[in-house]
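Student: Given these sequences and hints, build the entire structure.
To convert a position in the sequence shown, counted from 1, into the numbering used here, add 30.
No lab work stands behind these hints: they were computed from the structure.
Derived pair list, reagent style BS3-like, types lysine-lysine, alpha-carbon separation capped at 30 Å:
(1) K58 to K116
(2) K74 to K58
(3) K178 to K74
(4) K74 to K200
Label pairs and their in silico Cβ distance ranges:
(5) A365 to E87: 47 to 57 Å
(6) G358 to K116: 52 to 62 Å
(7) H270 to K154: 38 to 48 Å
(8) E276 to H215: 20 to 30 Å
Quick reminder that beta carbons are idealized off the backbone N, C-alpha and C, glycines included.
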Amino acid sequence: MDAFTYSAPTQVIFGQDAVDLIGWHIVKEASSVLLVMGGGSARKNGAYEAATRSLQEAGVDWTEFWGIKPNPSLEQIEAGINIARKASVGAVLGIGGGSVIDAAKAIAAGFYLDDYWERVESRKTVERSLPVYTVVTLSGTGSEMNGKAVITNEQLQKKWSLGGHCMIPKVTAIDPLYQVQTPWHLTAGSGIDAMTHIMENYFRGRISDKRTGYFNEETTLNICEGLLISLINSMHSLQHDPSNYEARANLAWASCLSLNGLTGCGLSGGDWTSHALEHALSGRFPHVPHGEGLAVIFPSWMQQVCAKAPDIFNRFAATVWGQDTIQGGIDATRAAFSAWGAPSRLSSWGVTEEDVPHLVDNAFAYRALGRIAPLSKDDVAEIFMRVL
Numbered sequence: 031m032d033a034f035t036y037s038a039p040t041q042v043i044f045g046q047d048a049v050d051l052i053g054w055h056i057v058k059e060a061s062s063v064l065l066v067m068g069g070g071s072a073r074k075n076g077a078y079e080a081a082t083r084s085l086q087e088a089g090v091d092w093t094e095f096w097g098i099k100p101n102p103s104l105e106q107i108e109a110g111i112n113i114a115r116k117a118s119v120g121a122v123l124g125i126g127g128g129s130v131i132d133a134a135k136a137i138a139a140g141f142y143l144d145d146y147w148e149r150v151e152s153r154k155t156v157e158r159s160l161p162v163y164t165v166v167t168l169s170g171t172g173s174e175m176n177g178k179a180v181i182t183n184e185q186l187q188k189k190w191s192l193g194g195h196c197m198i199p200k201v202t203a204i205d206p207l208y209q210v211q212t213p214w215h216l217t218a219g220s221g222i223d224a225m226t227h228i229m230e231n232y233f234r235g236r237i238s239d240k241r242t243g244y245f246n247e248e249t250t251l252n253i254c255e256g257l258l259i260s261l262i263n264s265m266h267s268l269q270h271d272p273s274n275y276e277a278r279a280n281l282a283w284a285s286c287l288s289l290n291g292l293t294g295c296g297l298s299g300g301d302w303t304s305h306a307l308e309h310a311l312s313g314r315f316p317h318v319p320h321g322e323g324l325a326v327i328f329p330s331w332m333q334q335v336c337a338k339a340p341d342i343f344n345r346f347a348a349t350v351w352g353q354d355t356i357q358g359g360i361d362a363t364r365a366a367f368s369a370w371g372a373p374s375r376l377s378s379w380g381v382t383e384e385d386v387p388h389l390v391d392n393a394f395a396y397r398a399l400g401r402i403a404p405l406s407k408d409d410v411a412e413i414f415m416r417v418l
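Tutor: Below you can see the structure in the form of structure tokens.
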């Protein structure tokens with residue numbers, strides 16, 4: 031097992047009525063807060079009312095910023111930063127799913143930056159941020175427990191991240207009841223996203239004893255497998271009964287743990303090629319939902335690299351899907367994503383063969399790709415072309 035440092039400083043308030051407490055946590059550090067929200071679902075599901083009631087009872091003033099869209103844009107972040115500065119808020123509270131929470135973290139960091147995108151391009155860690163709090167109404171991204179924000183510069187067609195320990199949310203409130211009205215396609219995309227977070231780490235697992243089949247990172251791999259099975263079971267249950275509280279709760283908690291560092295301990299930082307490719311995709315085509323884009327790309331990436339790490343792919347097939355071949359595991363993954371309603375081809379969003387060179391260049395503009403095995407531009411083009 032590789033050496034690692036693990037820290038998950040977010041305090042999670044989980045369960046029914048959790049949102050009622052958020053104001054009492056915020057008031058410990060700030061007397062005013064910027065509320066960051068999406069298109070209105072927070073009003074419909076009741077989370078906005080519960081959060082603002084808690085703020086009022088705790089004596090915290092707030093300013094509202096609505097309209098964050100999926101794959102939030104740099105333009106929106108800059109607008110939010112200006113509102114936060116004008117109101118002189120002392121903290122930021124995101125009420126929504128991953129896009130809203132990423133936007134909240136970006137605004138909190140941007141509050142102290144002269145040029146947000148310049149910092150993104152510099153790859154430098156953020157050292158100062160307003161305190162961030164979250165109320166989760168759509169689970170899957172894990173953004174509520176980590177210190178990164180992914181924002182799209184639509185002009186440059188770049189979907190890149192900014193991060194720092196100071197951006198990790200201080201407190202996250204999760205009441206699964208606020209997610210029971212979530213449309214199925216959003217639940218499916220978010221659940222797939224959570225699964226891929228785990229798998230990006232999982233496939234770095236390395237066997238250390240060929241005779242016993244014992245893996246170097248046995249503890250972390252077992253955690254990953256348990257979370258994947260929990261997510262799969264939750265998704266199957268919710269597809270048939272969206273109001274199943276226990277399934278919602280398990281999906282929400284597994285999503286948190288999928289990207290708070292736990293599933294990467296001892297795994298050298300994971301691979302993350304599929305996420306880089308999806309960011310290139312939705313950076314060029316912002317209408318592509320992140321989870322659905324991953325549902326198309328991830329099995330194609332598995333097909334491309336599985337021969338380079340047969341031990342861990344065989345283990346995945348057997349333990350997660352009950353399959354006795356690597357191909358069986360890949361096919362089962364693809365079949366599950368399809369059964370949950372995710373597209374199987376990039377052409378579903380109007381992507382053509384002419385777009386592939388641009389997607390490849392965009393993906394490599396961020397970093398070299400392939401940690402299980404180094405990937406060339408031809409390799410990455412093949413991943414895209416396979417699912418065109």
